[in-house]
Amino acid sequence: METENESTIGPNWLDLPRDLTANILHRLGTDEILSSACQVCSLWWNISKDPLMWRTIKMGNRHTSYDDAYLEKICYNAVNRSCDHLEEIDIECFGTDSLLECIANNHLHSMRLIDCWSISDEGFSEAVRKLPQLETVDISLTNLHEDSLEVLGRSCPLLKSLQYCITGPLTYRKSNAIAFVIAETMSGLCDLDIEGHGISDVGLIAILDKCPLLKYLDTRRCLNLILSESLEKRCIDQFDTMVLPAPVDYYLNPYWYEYATSDDEY
Numbered sequence: 001m002e003t004e005n006e007s008t009i010g011p012n013w014l015d016l017p018r019d020l021t022a023n024i025l026h027r028l029g030t031d032e033i034l035s036s037a038c039q040v041c042s043l044w045w046n047i048s049k050d051p052l053m054w055r056t057i058k059m060g061n062r063h064t065s066y067d068d069a070y071l072e073k074i075c076y077n078a079v080n081r082s083c084d085h086l087e088e089i090d091i092e093c094f095g096t097d098s099l100l101e102c103i104a105n106n107h108l109h110s111m112r113l114i115d116c117w118s119i120s121d122e123g124f125s126e127a128v129r130k131l132p133q134l135e136t137v138d139i140s141l142t143n144l145h146e147d148s149l150e151v152l153g154r155s156c157p158l159l160k161s162l163q164y165c166i167t168g169p170l171t172y173r174k175s176n177a178i179a180f181v182i183a184e185t186m187s188g189l190c191d192l193d194i195e196g197h198g199i200s201d202v203g204l205i206a207i208l209d210k211c212p213l214l215k216y217l218d219t220r221r222c223l224n225l226i227l228s229e230s231l232e233k234r235c236i237d238q239f240d241t242m243v244l245p246a247p248v249d250y251y252l253n254p255y256w257y258e259y260a261t262s263d264d265e266y
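Numbered according to UniProt numbering, the sequence shown spans residues 1 to 266.
Worth flagging that the hints you see were computed from the coordinates, not collected in a lab.
Every residue, glycine too, gets a C-beta built ideally from N, C-alpha and C.
Please note that a few of the clues may not be correct.
As the list claims (entries may be wrong) - Derived Cβ-Cβ restraints for the label pairs, each shown as a range: (1) K233 with S65: 16 to 24 Å; (2) I236 with D67: 31 to 39 Å; (3) P51 with L244: 15 to 23 Å; (4) F239 with W45: 21 to 29 Å; (5) Q238 with S65: 41 to 49 Å; (6) L244 with E101: 18 to 26 Å; (7) W45 with N143: 34 to 42 Å; (8) K233 with H26: 43 to 51 Å; (9) S110 with L231: 27 to 35 Å; (10) N105 with I226: 43 to 51 Å; (11) Y66 with Q238: 40 to 48 Å.
Unchecked claim - Capping the alpha-carbon separation at 27 Å, the derived lysine-lysine pairs in DSSO-like fashion look like this: (12) K49 with K73; (13) K49 with K160; (14) K58 with K174; (15) K160 with K130; (16) K49 with K174; (17) K160 with K210; (18) K215 with K160; (19) K210 with K174; (20) K174 with K215; (21) K58 with K73; (22) K130 with K174; (23) K233 with K130; (24) K174 with K160; (25) K215 with K233; (26) K58 with K210; (27) K160 with K73; (28) K233 with K210.
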């Protein structure tokens, strides 16, 4: 008969098959694997050195006590362990041009840089010139401008999905610069999220004209969009999904708005 102590004993994690152990470790965060899990035993250490463990790297400092410098050190370690097998990078709230230079020496298909304010236009542009196979890019909440966007579009002809959202005060300042760059350099886009930008109907029409494959468009907080009846019909005909600014966006406290116009819509 099974004793009470025997019935409460959990599985011996060290006796699990290597493939199953690797699967479990892969569910941990990159920083968790390299700062603690890999030190549990020799098997876990060896698994953590397998380049195939590092095809995807996801890191951020939103929910960790580690500082940016330590996270960057961990990220360098993970990228180096990938031995050029890295396909997807996802980092939030840390990162520098030098780290991006290291990341760019791989064959990335997906790159997500969220809230990475220390990455410059120059550093980003140099990196994406080495990454022509990129298909998915998210550069929301960064210091990057339309010049970087243009380099991205011209360097990455396979690009299918772009997220380039901004936050801050809601603005009525018209600016179609990014719309024109997207239209001229990213004709293969299928998904586009440009939440918070100042594009007007002119910019939207440019995107519609030059991006015939686009099926998803998120324009939340793009307060200069009016959408005439004909433009609305065109959007309905082309897009599977289009997210428009919520009505409440137009009626929030006006002190949060910026009122201005620019000349770049013509």
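Status of each hint after checking the structure:
A hinted range of 16 to 24 Å is violated for the C-beta pair K233 and S65, which are about 53 Å apart. A beta carbon spacing of about 48 Å between I236 and D67 contradicts the range 31 to 39 Å that was offered as a hint. At roughly 44 Å, the beta carbons of P51 and L244 sit outside the given window of 15 to 23 Å. Between F239 and W45 the C-beta distance comes to about 49 Å, which lies outside the given range of 21 to 29 Å.
Here the CB-CB span from Q238 to S65 is close to 47 Å, well matched to the stated 41 to 49 Å. A hinted range of 18 to 26 Å for the beta carbons of L244 and E101 is inconsistent with their spacing of about 39 Å. For the hinted restraint 34 to 42 Å between W45 and N143, the CB-CB distance of approximately 38 Å keeps it satisfied. In this structure, K233 and H26 meet the distance hint of 43 to 51 Å, their C-beta atoms being roughly 47 Å apart.
Between S110 and L231 the CB atoms are about 32 Å apart, so this pair conforms to the stated range of 27 to 35 Å. Between N105 and I226 the Cβ separation comes to about 45 Å, which falls inside the hinted range of 43 to 51 Å. The hinted window of 40 to 48 Å between Y66 and Q238 holds, with their beta carbons roughly 44 Å apart. For a cut-off of 27 Å, the pair hint linking K49 to K73 stands: about 16 Å separates their Cα positions.
Straight-line distance between C-alpha atoms of K49 and K160 comes to about 32 Å, which puts the hinted pair past the 27 Å bound. A C-alpha spacing of about 35 Å is found between K58 and K174, which places the hinted pair above 27 Å, so the restraint is violated. At most 27 Å may separate the alpha-carbon atoms for a hinted pair to count; K160 and K130 meet this at roughly 17 Å. With a C-alpha separation of about 50 Å, the suggested pair K49 and K174 falls outside the 27 Å cut-off, and the hint is violated.
At roughly 14 Å between alpha-carbon atoms, K160 and K210 fall within 27 Å of each other, so this suggested pair holds. Distance check on the hinted pair: K215 and K160 sit about 11 Å apart at the alpha-carbon level, within 27 Å; holds. Annotation: proposed proximity of K210 to K174 holds, straight-line Cα distance about 20 Å (limit 27 Å). Between the alpha carbons of K174 and K215 the distance comes to roughly 24 Å, so the proposed pair stays at or under 27 Å and holds.
With a C-alpha separation of about 14 Å, the suggested pair K58 and K73 falls inside the 27 Å cut-off, and the hint holds. Distance hint between K130 and K174 is unfulfilled; the C-alpha atoms sit about 33 Å from each other, more than 27 Å. For a cut-off of 27 Å, the pair hint linking K233 to K130 is broken: about 40 Å separates their Cα positions. Between K174 and K160 the alpha-carbon distance is near 26 Å, which keeps this suggested pair within the 27 Å criterion.
At most 27 Å may separate the alpha-carbon atoms for a hinted pair to count; K215 and K233 meet this at roughly 14 Å. Taking the CA atoms of K58 and K210, the gap is near 33 Å; set against the 27 Å cutoff, the hint is violated. Straight-line distance between C-alpha atoms of K160 and K73 comes to about 31 Å, which puts the hinted pair past the 27 Å bound. For the hint linking K233 to K210, the alpha-carbon distance of about 17 Å falls within 27 Å, and the restraint holds.
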